[in-house]
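*Asks:* When we follow our numbering, the leftmost residue of the sequence shown carries the number 1, and every step to the right adds one.
Certain hints may be false.
Claimed, not checked - Below are the DSS-like pairs computed for lysine-lysine, each with C-alpha atoms no more than 25 Å apart in a straight line:
#, residue 1, residue 2
1, 173, 184
2, 184, 303
3, 175, 195
4, 223, 125
5, 17, 303
6, 125, 173
Because the hints were derived from the structure by calculation, they are not lab data.
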Amino acid sequence: MNHLVWFRYLIALDEYKHFSRAADACNITQPALSNALKALEESYGISIINRGRSFIGFTDEGQTVLESARRIMREHETLQQEIKSTDAEPTGHLSIGAIPTAIPIAGRFAAFLQAKHPSIRIELKSVSSQGLETGVENGSLEMGLGYATRITNRAHQLTAVHQYNEHYYLVRKRKNAEPKQVLKGSPITWLDASKYQLCLLSKAMYNRHIIDQTFNDIGVTLKPVMETNSIFTLGIAVTAGAIASIMPGALVDQVLHDHSIDAHPLVAPHIATDISWILLKTDRRSRVLRAALAFAQSTEWAKMLHQHSGALEA
């Protein structure tokens, strides 16, 4: 068995943090996975994995091997794409991450990219901002849709390709109305929005940090009546009754368009947050990633972004 196979198993173990699930993902038995990883350790004469009754983590040497394994597998995938495809017809795998509030946009991007290049296989994951940045850095994600302002201190490693500005809306159920497409209401101030019973994303999410910081700046300490880590729960909470929410326009456009909802642009202050594709800063990118970047910067995609990133029709 060659090192490329062992490296693939090692990366799977890091992703799933569980021997059995990693083995399932690699379509092998758990004993076969364990034996392969032991063989990898023997080939280098070091201990790579901290073992107990279950997976504990990697040793310091194991972490070094894992980082090298990711680089080698990324280079191998790039080489495979260069050999087996052309710029006109890129072929291969593309791993994309997106923060939860950008998932509707990332999903649309992935679908249109795959339709444009049918030989591209796309894996799209919803990840935290920290998970996105770490994933791009270690190579488990090739591109991630997230907050560009967060990577300023990582400019030597990461770069950003702007996509749209995230705007914020107070979203509430419309009274005495039949279900219809979301309506854009008149602007409302952040101060007035604070008087509503609010359901917000949890404090672990960067979107919540933006909202809390905005309220802090106007002297308001916010106490939401409900918190969640699910973007879909926000919509359910609003449509179910008296709870309102603060959401970015991309969610209003994509998640709630079938319900009796009013969405009011939030002003005083007006907040616009840069949402960009985050990528590893390198001159060597796979053919598939180059195709994805070309589409991300195309006029065709820019028109779709304008329609679906938060500009609501009155």
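*Asks:* For each hint, tell me whether it holds in the structure or not.
*Replies:* Hint by hint, here is what the structure shows:
1. 173 - 184: holds (12 Å)
2. 184 - 303: holds (20 Å)
3. 175 - 195: Holds: residue 175 and residue 195 sit about 18 Å apart, inside 25 Å.
4. 223 - 125: violated (30 Å)
5. 17 - 303: Status violated; Cα separation ~40 Å.
6. 125 - 173: violated (30 Å)
In the structure shown, a violation is registered for the earlier hints numbered 4, 5, 6, in ascending order.
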